[in-house]
Amino acid sequence: MSKYLLAYRGGGMPESAEDQARVMAAWGEWFGRLGGAVADPGNPTSGSRTIASDGRVSNGTPSITGYSIISADSLDAAVSLAKDCPVLSSGASIEVLETVDVM
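In our numbering, the protein residues as written are 1 to 103.
Source of the hints: derived by calculation from the structure; they are not laboratory data. Quick caveat: nothing in here was measured; it's all calculated off a predicted structure. Be a bit skeptical, because a hint or two may be false.
[Unchecked claim] Ranges of calculated distance between the beta carbons of each label pair, as one might list FRET restraints:
#1 Met-1 / Ile-51: 28 to 34 angstroms
#2 Met-24 / Gly-60: 24 to 30 angstroms
#3 Gly-55 / Thr-99: 40 to 46 angstroms
#4 Ser-74 / Arg-33: 16 to 22 angstroms
#5 Thr-99 / Gly-28: 22 to 28 angstroms
#6 Asp-101 / Arg-22: 33 to 39 angstroms
#7 Gly-47 / Ser-80: 31 to 37 angstroms
#8 Arg-22 / Leu-75: 28 to 34 angstroms
#9 Thr-99 / Arg-22: 19 to 25 angstroms
#10 Leu-88 / Ser-46: 19 to 25 angstroms
#11 Gly-55 / Met-1: 34 to 40 angstroms
#12 Gly-47 / Ser-74: 33 to 39 angstroms
#13 Ser-46 / Asp-84: 21 to 27 angstroms
From the three backbone atoms N, C-alpha and C, an ideal C-beta is built for every residue, glycine too.
All chains should be built: construct the whole structure from the sequences, respecting the hints.
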């Protein structure tokens, strides 16, 4: 079984306390359905800096707004699990990347 990085792009944070509670409940339900496939539930991201190959550091606009890591038997299986992610309902997209265990 391999691990897959779910990189979230876009979407938005709920504004009202009621919407926040609804969104958090949806995430809890989704993680519950995934069960043991959740390797790291992840977090939203904010702020970024980019380091160039010559060592220059620049402020950037994050292209990834959050992440999770799941385990699945294949890339297609990981994509299938990701299709129900609540972040999609806020207009975000998900890039599913297979990780390579080298360490």
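Worksheet item: Has the hinted range 33 to 39 angstroms been met by the Cβ atoms of Asp-101 and Arg-22?
Response: Since the Cβ atoms of Asp-101 and Arg-22 sit about 36 angstroms apart, the hinted range of 33 to 39 angstroms holds.
Fill in: Consistency of beta-carbon spacing, Gly-60 to Met-24, with hint 24 to 30 angstroms
holds (28 angstroms)
Discussion item. Can you tell me whether the CB distance of Ser-46 to Asp-84 sits inside 21 to 27 angstroms?
Written reply: holds (25 angstroms)
Item to complete: Hint says 40 to 46 angstroms; check whether the CB-CB distance for Gly-55 and Thr-99 agrees.
Response: violated (26 angstroms)
Worksheet item: When you take the CB atoms of Gly-47 and Ser-80, is the distance between them in 31 to 37 angstroms?
Response: Holds: the Cβ-Cβ distance is about 32 angstroms, inside 31 to 37 angstroms.
Worksheet entry | Range hint 19 to 25 angstroms (beta carbons of Leu-88 and Ser-46) holds or violated | holds (20 angstroms)
Item to complete: Could you see if the CB distance from Gly-55 to Met-1 stays within 34 to 40 angstroms?
Response: holds (38 angstroms)
Practice prompt. Please test the hint of 22 to 28 angstroms on the beta carbon pair from Thr-99 and Gly-28.
Written response: Holds, at about 24 angstroms.
Discussion item. Taking 16 to 22 angstroms as the stated bounds, is the beta-carbon spacing between Ser-74 and Arg-33 within them?
Written reply: Given a distance of about 18 angstroms, which is inside 16 to 22 angstroms, the answer is holds.
Worksheet item: For the pair Gly-47 and Ser-74, does the Cβ-Cβ distance stay inside 33 to 39 angstroms?
Response: holds (34 angstroms)
Worksheet item: Does the Cβ-Cβ separation between Thr-99 and Arg-22 fall within 19 to 25 angstroms?
Response: At roughly 31 angstroms between Cβ atoms, Arg-22 and Thr-99 fall outside 19 to 25 angstroms, so the hint is violated.
Worksheet item: Lying within 28 to 34 angstroms: is that true of the beta-carbon distance Met-1 to Ile-51?
Response: Holds, since Met-1 and Ile-51 (Cβ atoms, about 32 angstroms apart) stay within the stated range.
Checked against the numbered hints given earlier, the structure breaks hints 3, 9 and satisfies all the rest.
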